[in-house]
Amino acid sequence: MTILARVTTEPIDLAPLLNFIRDDAHGAIDVFLGVVRNQHHGKSVTAITYDAHAALAEKTFYEICLEAQGLWPKTRYAVVHFKGNLHVGDTSLVIAVSSPHRAESFESCRYVIEEIKKRAPIWKKEHYEDGQSEWLPGHSLQDEALTAPLLTDAALSDRHV
Amino acid sequence: MIVTIQFYGAFQKFGKELALELSGPVTLAELKDLLSSSLGGQHRSLIEASAFASEETIINRASVIQTDCRLSILPPVCGG
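Protein sequence lines correspond, in order, to chains S and X.
Residues 1 to 161 (the numbering used here) are what the first sequence spells out, left to right.
Residues 1 to 80 (the numbering used here) are what the second sequence spells out, left to right.
Careful, some of the hints might be misleading.
Said to hold, decoys possible - Listed next, the stretches of chain X that the computed footprint assigns to chain S, with coverage defined by at least 3 CB atoms under 8 Å from CB atoms of chain S:
| # | segment |
| --- | --- |
| 1 | 18-25 |
| 2 | 43-53 |
| 3 | 60-68 |
By construction, these hints were calculated from the structure, which means they are not laboratory data.
We put the beta carbon where it would ideally sit given N, CA and C, even for glycine.
Please take these sequences and the hints and turn them into a complete structure.
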């Protein structure tokens, strides 16, 4: 197994993710942390609530990492996104990549975060110092809905309400 | 036929989910119209910008819903 993809409601622990991607043949590890910052568009941010369609988000992370492995062979990935409430300075996302040489780690890590921003079903609600809060606008998944498989009754047969 | 739509992100202000009782098959475009009628027309632009998904995949917007099911409506995403 060379890809770990998770959505979690627990604080993200970096150590096991680094252990997962370590490989004796790999000389480079690149780690990206998404962290809650204290301002956005001139507003003072105190916290962010993250929501996620967990199963689909994990599947999307996995697919993105598979794509990255196609572009940068022999890379290993650990991607974990938090779901729930975080304060300024807390970690919302970890992307850890290992590769034989540094260039693949840097480039593939950048690829993964940019694709997650566009494709992963995750949303954030910012909470401001003045007591207001709002869900942030984002990237529509309508393009994916144009090319996605057609729904069939069989695909829904085990999910009747 | 009952279609249950689960809410995420900006749709959470309407609760966790909404069950729509339908008289027959509907396209996803028709389902968006019905949802807009239920939630209020002021939310139409958000609904139009959203996609439907099953538990494991985004659904092609040309799909037709023909049976009881549970779907999710996914507003524009902004993870990270």
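Structure-based check of each hint:
no.	hint	result
1	18-25	violated (count 1)
2	43-53	holds (count 5)
3	60-68	holds (count 9)
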